[in-house]
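Each chain, letter by letter, is given below.
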Amino acid sequence: GENVEQHPSTLSVQEGDSAVIKCTYSDSASNYFPWYKQELGKGPQLIIDIRSNVGEKKDQRIAVTLNKTAKHFSLHITETQPEDSAVYFCAAGNNYGQNFVFGPGTRLSVLP
Amino acid sequence: KAGVTQTPRYLIKTRGQQVTLSCSPISGHRSVSWYQQTPGQGLQFLFEYFSETQRNKGNFPGRFSGRQFSNSRSEMNVSTLELGDSALYLCASSSTPGTGGLDTQYFGPGTRLTVL
Numbered sequence: 002g003e004n005v006e007q008h009p010s011t012l013s014v015q016e017g018d019s020a021v022i023k024c025t026y027s028d029s030a031s032n033y034f035p036w037y038k039q040e041l042g043k044g045p046q047l048i049i050d051i052r053s054n055v056g057e058k059k060d061q062r063i064a065v066t067l068n069k070t071a072k073h074f075s076l077h078i079t080e081t082q083p084e085d086s087a088v089y090f091c092a093a094g095n096n097y098g099q100n101f102v103f104g105p106g107t108r109l110s111v112l113p
Numbered sequence: 025k026a027g028v029t030q031t032p033r034y035l036i037k038t039r040g041q042q043v044t045l046s047c048s049p050i051s052g053h054r055s056v057s058w059y060q061q062t063p064g065q066g067l068q069f070l071f072e073y074f075s076e077t078q079r080n081k082g083n084f085p086g087r088f089s090g091r092q093f094s095n096s097r098s099e100m101n102v103s104t105l106e107l108g109d110s111a112l113y114l115c116a117s118s119s120t121p122g123t124g125g126l127d128t129q130y131f132g133p134g135t136r137l138t139v140l
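Chains as they are written, first to last, in the working numbering: chain A, 2 to 113; chain B, 25 to 140.
Please keep in mind that the hints were generated in silico from the structure rather than gathered at the bench. C-beta atoms are modelled at their ideal positions from N, C-alpha and C, and glycine is treated no differently. Warning: the hint list may mix true and false statements.
[Said to hold, decoys possible] In the DSBU-like style, the derived pairs of lysine-lysine whose C-alpha atoms are separated by at most 35 angstroms in a straight line are:
(1) A:Lys72 with A:Lys43
(2) B:Lys81 with A:Lys72
(3) B:Lys81 with A:Lys59
(4) B:Lys81 with A:Lys23
[Unchecked claim] Per label pair, the in silico range of CB-to-CB distance:
(5) B:Phe84 with A:Asp18: 14 to 24 angstroms
(6) B:Leu140 with A:Val55: 44 to 54 angstroms
(7) A:Asn4 with B:Gln78: 15 to 25 angstroms
(8) B:Gln78 with A:Glu16: 43 to 53 angstroms
(9) A:Gln61 with B:Ser110: 31 to 41 angstroms
Make a model of the complete structure from these sequences and hints.
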């Protein structure tokens, strides 16, 4: 089955700096890669996703890149703000309605 | 459009009891998935329902079960509760799973279950 690794487990950056979180996956059949942000006391919220027919996707300060050959994908947050502080999860899934497999999460702290 | 709602938000039970959690998906969504989130194991998939049928199941014991109603609302049940069942149980809905691309899942706020 699918296995997703995520690094780093914790990340502290200064406000305004960039943050990068990396995930690797094992199942070459996976073709959908969402990123979720979870704040304390809330459920995960989708922030961006990418499908395997594209290599990069951007939404304002957030971007995701995908390298299918190497089986890794990354989340990039630019110009970080204190409200970006949260736990971020990557996940991998495929076309056949099968369950997502989530990474273990990265706790991001943006220091003012 | 209202988001995914889960009830109750908090539950305290004792070992051996059973519990039923409820999830109402986003209007129009027909797929509901359930996840267990713990500090040690992270987010783990329990099962997925689509059109009242269980389509996929994770690696959890038979004490964990679920169902979906004709209005797409879903319930999950845990029988003979154990201390290790203490977790945040999350429900996620999507419109149409597995049709040319895994559809986006939207999560509810979760039900925090504590087993004493």
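Structure-based check of all given hints:
The hinted pair formed by A:Lys72 and A:Lys43 meets the criterion: a straight-line CA distance of about 30 angstroms does not exceed 35 angstroms. The straight-line distance between the Cα atoms of B:Lys81 and A:Lys72 is roughly 25 angstroms, inside the 35 angstroms bound, and the hint therefore holds. Of the pairs offered as hints, the one joining B:Lys81 and A:Lys59 holds, with about 33 angstroms between alpha carbons and a cut-off of 35 angstroms not exceeded. The straight-line distance between the Cα atoms of B:Lys81 and A:Lys23 is roughly 28 angstroms, inside the 35 angstroms bound, and the hint therefore holds.
About 40 angstroms separates the C-beta atoms of B:Phe84 and A:Asp18, a value inconsistent with the hinted range of 14 to 24 angstroms. Separation of B:Leu140 from A:Val55 is about 48 angstroms and conforms to the stated range, judged on CB atoms against 44 to 54 angstroms. For A:Asn4 and B:Gln78, the Cβ-Cβ distance of about 24 angstroms falls inside the hinted range of 15 to 25 angstroms, so the restraint holds. Look at B:Gln78 against A:Glu16: about 46 angstroms separates their beta carbons, and that is inside 43 to 53 angstroms.
Distance hint for A:Gln61 and B:Ser110: a CB-CB separation of about 38 angstroms, consistent with the stated range 31 to 41 angstroms.
The structure fails hint 5 only (numbered hints given earlier).
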